[in-house]
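K.L.:
Here are the chains, one letter per residue:
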Amino acid sequence: MPVPALKAKDYKSGIKPVWCPGCGHFAVLAALTKAMAHLELSKESVAVVSGIGCSSRLPAYIDSYGFHGIHGRALAAASGLKAARPDLTVVVAGGDGDGFSIGGNHFLHACRRNMDMTYIVMDNEVYGMTKGQASPTTRPTWTKSKMTPHGTGIPRFNPAAIALAAGAGFIARGYSGEPTEMTRLLVEAIEYPGFAFVQVLSGCVTYRPDQKGWKEVVHPFINDVPTDDRIKAAQIIQADEGKATGIIYASSFPVWQPENQQATELSLLEEEFCI
Amino acid sequence: MSDNPEVVIETVAEFLVHALELEEASSDHYDELADSMEIHNNLKVAELFRKLGDYSRQHAKEVHARTEGIELPQLTPWDFKWKCPSSPESFCMEEASYMMTVTQAMEIALFNEIRGRDFYQQVADNTPNDKVRKIALEMVEEEGWHVEMLREWQTSLQEEPPLDDLDPPNMPE
Amino acid sequence: MNNDNKPSQTTTSYSVAITGSGGSGAVTAGRIVLEAAAHCGFQGLMTRSAGPQIRGGESAAMVRFSADPVVCMGDYYDLLVALDWLNIERFADEIPLSDKSLIICDPAAGEVPAQLRSNRAEIREVPFKVFASGLPGGRINMVALGAMAMVCGLPLEALEASVKGVLRSKGEEVVESALRALSLGYNHDRRPVSPPLQAVEKRKVWSITGNQACGVGALRGGVRFVAAYPITPASEMLEWLAPRLEKLGGSLLQAEDELASINMIIGASFGGVPSLTATSGPGLSLMVEGLGLALVSETPVTVVNVMRGGPSTGIPTKSEQADLDIALYGLHGDAPHLVFAPLSIHDCVFTTQWAVQLAEHLQTVSLVLSDQSLGQSQAIIEAPAEMNMPWRRVVEEVPDADYRRYQITADSISPVTLPGTSNGMYTADGLEHNELGTPSSMAADHREQLNKRLHKLEAFDYGDDWAQIDGQGVECIVTWGSCAGVVREAADKLWQQGREIRMVAIRLLAPLQREKFSQAIAGADRVLVVEQNHGGQLFHYLHAQGVLPEQAESLAQPGPLPLRSGRIIRALTA
Numbered sequence: 659m660p661v662p663a664l665k666a667k668d669y670k671s672g673i674k675p676v677w678c679p680g681c682g683h684f685a686v687l688a689a690l691t692k693a694m695a696h697l698e699l700s701k702e703s704v705a706v707v708s709g710i711g712c713s714s715r716l717p718a719y720i721d722s723y724g725f726h727g728i729h730g731r732a733l734a735a736a737s738g739l740k741a742a743r744p745d746l747t748v749v750v751a752g753g754d755g756d757g758f759s760i761g762g763n764h765f766l767h768a769c770r771r772n773m774d775m776t777y778i779v780m781d782n783e784v785y786g787m788t789k790g791q792a793s794p795t796t797r798p799t800w801t802k803s804k805m806t807p808h809g810t811g812i813p814r815f816n817p818a819a820i821a822l823a824a825g826a827g828f829i830a831r832g833y834s835g836e837p838t839e840m841t842r843l844l845v846e847a848i849e850y851p852g853f854a855f856v857q858v859l860s861g862c863v864t865y866r867p868d869q870k871g872w873k874e875v876v877h878p879f880i881n882d883v884p885t886d887d888r889i890k891a892a893q894i895i896q897a898d899e900g901k902a903t904g905i906i907y908a909s910s911f912p913v914w915q916p917e918n919q920q921a922t923e924l925s926l927l928e929e930e931f932c933i
Numbered sequence: 025m026s027d028n029p030e031v032v033i034e035t036v037a038e039f040l041v042h043a044l045e046l047e048e049a050s051s052d053h054y055d056e057l058a059d060s061m062e063i064h065n066n067l068k069v070a071e072l073f074r075k076l077g078d079y080s081r082q083h084a085k086e087v088h089a090r091t092e093g094i095e096l097p098q099l100t101p102w103d104f105k106w107k108c109p110s111s112p113e114s115f116c117m118e119e120a121s122y123m124m125t126v127t128q129a130m131e132i133a134l135f136n137e138i139r140g141r142d143f144y145q146q147v148a149d150n151t152p153n154d155k156v157r158k159i160a161l162e163m164v165e166e167e168g169w170h171v172e173m174l175r176e177w178q179t180s181l182q183e184e185p186p187l188d189d190l191d192p193p194n195m196p197e
Numbered sequence: 015m016n017n018d019n020k021p022s023q024t025t026t027s028y029s030v031a032i033t034g035s036g037g038s039g040a041v042t043a044g045r046i047v048l049e050a051a052a053h054c055g056f057q058g059l060m061t062r063s064a065g066p067q068i069r070g071g072e073s074a075a076m077v078r079f080s081a082d083p084v085v086c087m088g089d090y091y092d093l094l095v096a097l098d099w100l101n102i103e104r105f106a107d108e109i110p111l112s113d114k115s116l117i118i119c120d121p122a123a124g125e126v127p128a129q130l131r132s133n134r135a136e137i138r139e140v141p142f143k144v145f146a147s148g149l150p151g152g153r154i155n156m157v158a159l160g161a162m163a164m165v166c167g168l169p170l171e172a173l174e175a176s177v178k179g180v181l182r183s184k185g186e187e188v189v190e191s192a193l194r195a196l197s198l199g200y201n202h203d204r205r206p207v208s209p210p211l212q213a214v215e216k217r218k219v220w221s222i223t224g225n226q227a228c229g230v231g232a233l234r235g236g237v238r239f240v241a242a243y244p245i246t247p248a249s250e251m252l253e254w255l256a257p258r259l260e261k262l263g264g265s266l267l268q269a270e271d272e273l274a275s276i277n278m279i280i281g282a283s284f285g286g287v288p289s290l291t292a293t294s295g296p297g298l299s300l301m302v303e304g305l306g307l308a309l310v311s312e313t314p315v316t317v318v319n320v321m322r323g324g325p326s327t328g329i330p331t332k333s334e335q336a337d338l339d340i341a342l343y344g345l346h347g348d349a350p351h352l353v354f355a356p357l358s359i360h361d362c363v364f365t366t367q368w369a370v371q372l373a374e375h376l377q378t379v380s381l382v383l384s385d386q387s388l389g390q391s392q393a394i395i396e397a398p399a400e401m402n403m404p405w406r407r408v409v410e411e412v413p414d415a416d417y418r419r420y421q422i423t424a425d426s427i428s429p430v431t432l433p434g435t436s437n438g439m440y441t442a443d444g445l446e447h448n449e450l451g452t453p454s455s456m457a458a459d460h461r462e463q464l465n466k467r468l469h470k471l472e473a474f475d476y477g478d479d480w481a482q483i484d485g486q487g488v489e490c491i492v493t494w495g496s497c498a499g500v501v502r503e504a505a506d507k508l509w510q511q512g513r514e515i516r517m518v519a520i521r522l523l524a525p526l527q528r529e530k531f532s533q534a535i536a537g538a539d540r541v542l543v544v545e546q547n548h549g550g551q552l553f554h555y556l557h558a559q560g561v562l563p564e565q566a567e568s569l570a571q572p573g574p575l576p577l578r579s580g581r582i583i584r585a586l587t588a
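Residue numbers (our numbering), protein chains in the order written: chain P, 659 to 933; chain Y, 25 to 197; chain U, 15 to 588.
If you are wondering where the hints come from, they were derived from the structure by calculation, not from laboratory data. Owing to the predicted nature of the structure, the values given are computational and were not obtained by experimental measurement. Hints should not be assumed to be uniformly reliable.
The calculated lysine-lysine pairs, modelled on DSS-like cross-linking and capped at a C-alpha distance of 25 Å, are [what the hints assert, rightly or not]:
1) K85/Y to K667/P
2) K216/U to K178/U
3) K670/P to K75/Y
4) K105/Y to K665/P
5) K665/P to K68/Y
Among chain P residues calculated to face chain Y with C-beta under 10 Å, some are [what the hints assert, rightly or not]:
6) K667
7) P675
8) W677
9) A689
10) G861
11) W914
Think of the CB as a built atom: it goes at the ideal place given N, C-alpha and C, for glycine as much as any other residue.
The following block holds chain P by itself, in its conformation from the complex (with noise of 0.2 Å):
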């Protein structure tokens, strides 16, 4: 008797989360699993890797091999968990903190190293876990926050521009108010072969209550889209005010993958220290 399918659902771990209602977070768990469920991954062949923050609580709440790190580094945890087990679905998780700032450094080498796994970075301006701080894709002039009583003062972080000047080969922008739009996304992100970055607009109801307004300006690209040309997805992005969903670019680059053949013995190895 064949297997039945497994539904979305079936790949929900029944941990109930700790976000708050109305969190955009929720959209992406179904989006995720519905992806995971229309790819027909075995759950134990997917590994889910996350930082610090609202967003990165996500891998406990998938039926899968779950990796709840410490702050900023997830990418660094998955690069290793990807080169030393190429067989797993590889799926990177965290917020724009975790993301852009903590862990910028990091997110700049995985998208040149061209590993093959999907980054989902859940951006909703702000941080929640800690109470609401400016984050690196909070607007300037966002007063909000006691830490910074008069805005940041400074640009704001841009994402996808940023995923393209590293050398990303796959970016793609969602919205967790289209969590339809988010799932063919994440299909296509995690079937792209190499590091495919995601960004969801998933807002925090509870920091940036005024991101209830982005369902009045998210909007598809209305440039073709996605492009396989670089200048033209750099202008894409640039002409963009940052709310605009879809894949921007999808290129192709050789992925980084360490072989992992044996083709020696360490005794062997071993006498080139004999005199």
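Assemble the complex: chain P is given as a structure, and chains Y and U must be docked to it using the hints.
P.N.:
Just chains Y and U now, with coordinates in the frame of chain P:
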């Protein structure tokens, strides 16, 4: 998706797949809201969402019963002919809040149920298939009854003062 | 383990230093002498020293060889070969001479500096430049090498064999010219100065650095993934490992920084592949948060820290044992883990293998404290015997429905499922958790997991390898890591004087084997703790652990100069 001008569903199998997905997504969605309201100590609203989840589950069961003997097509999540970015009864997630009152929760529920009813109505209006229209209209009636029930429920509710959050939020990590 | 009464006897050794301006071939000459000694059956050690320049500047090679294992440099050099006098004062502290020493130099290079003459060493002049310029492609370092071989009694054939080996890659002409220069230097003045060392039977020996030896230990322990960021003086371990890991079916990933490298090996180890990184003080400082994650998520990793002068950037090219404190206490929270220190270059193989396999078996963090003096020195050692250690990660291959990743067991080691195993899914977490791995801030869960992580380390039987103990005397020298070599030398000399010396060199620093340590020093009426740092880190650690007698003394000397046996003997004679 939103760029489809009209929803045209041609076969009973296709229609049932949509109905099943709508009701299952709806019950999952309400369950999730109920869970998170429980976690955030808004038990009254949790109870409401739990009930709505049960209704949708009941509905899904009924739709499931209609699928007996019919081979259902496999649709990818983005092949469903919704006119909105998610399935019709699962929208408005961001309107939820841990401090919402039962009245406010009821508004979300009503909005969802009306959209569910409208979806079935559109199918009935646009389908070339009589059998599909017949089932769709039955569903419209059922959803309509749901909407009425919710409205009655709503009017019986006393307007509550908005909930207060006397303590600052937690910093778990 | 050598616990018998009668300590080994010192036989004579020979120490030579070769100095010159950078590029003059002092280091190549040193390597050739070392290998020639190996061809004669000797064991040996070569350290090198250089100015801060990448190329040029000045450099020195120091070589000591003996029929016995050579575990440190001597107090004085028998021979200084000066290819020229450029910045020789830089090395004056590092190359102590006595009135029994000999200096070989070229009169064409100018006067012997007054500073060296003051040692009243004998001076023998050899016209390096004249001989070299008389040969096509002639090099002064090869002429000097010949003269040196004659003085220290190494046969010309051994030098020739070594020249052929070391210079082979440079082509036949270079080798031919070198051999002729060698012969000119050798035959110039045939008065041997030192009595030749007792000839020994040729044994199976290795020529290896401590960094390479740690690499061998890592591979023997099963390491198949390394992620690392380059840093002095650890990089050579990584450079040695990279191509060899590939041949063994593993890989090395050069990370963007040390924060990445520690987390990468944690990720790889979570995938089931034994993993390691190597670094030095500044890198270890960056990794510390990751060590806590590995420890709490019970993901085995090994970090080899090749210590250098600290704190901060410190003295990157020189040795110091000043990272014991950070290794023991650097982590936040109650974070018991394993800390090891290899006692010699030879021991780097054993200790690193042991560290890796215990990290795997105990699902914890192993820190291996090597240092620059071990890592970057070249040694001729007896080939390290293969050690068959039974310890492996306890893997659950067929988990049942009730599988709990952090299950409390009798030995507190919970069998782990590896990704890919059906029904074994769990989320490893740096958050405190319950037996299932679910995050928990409950007092009972925290206490249970704290106990588990401590108990698995405390309950394990580490056997006799926790230290090397020699002699049963009433004067006890306690040391750790690389200082074991010079302590051994001091002990040997004191034994020869008839002193009742005992030495305890600690290899496993954490968890400290308190009872075994107390037994090891029992009956001593004097205890001296010897280490190469400023603060007496081991001394204070042992006191904090309550295992040192109140009157114990500390001899703590910071780098960059190596500790000499005479300093230890003086401390015990005072």
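K.L.:
Among the hints numbered above, which are violated by the structure, and what are their numbers in rising order?
P.N.:
Hints 5, 11 are the ones this structure does not satisfy, whereas the remaining hints hold.
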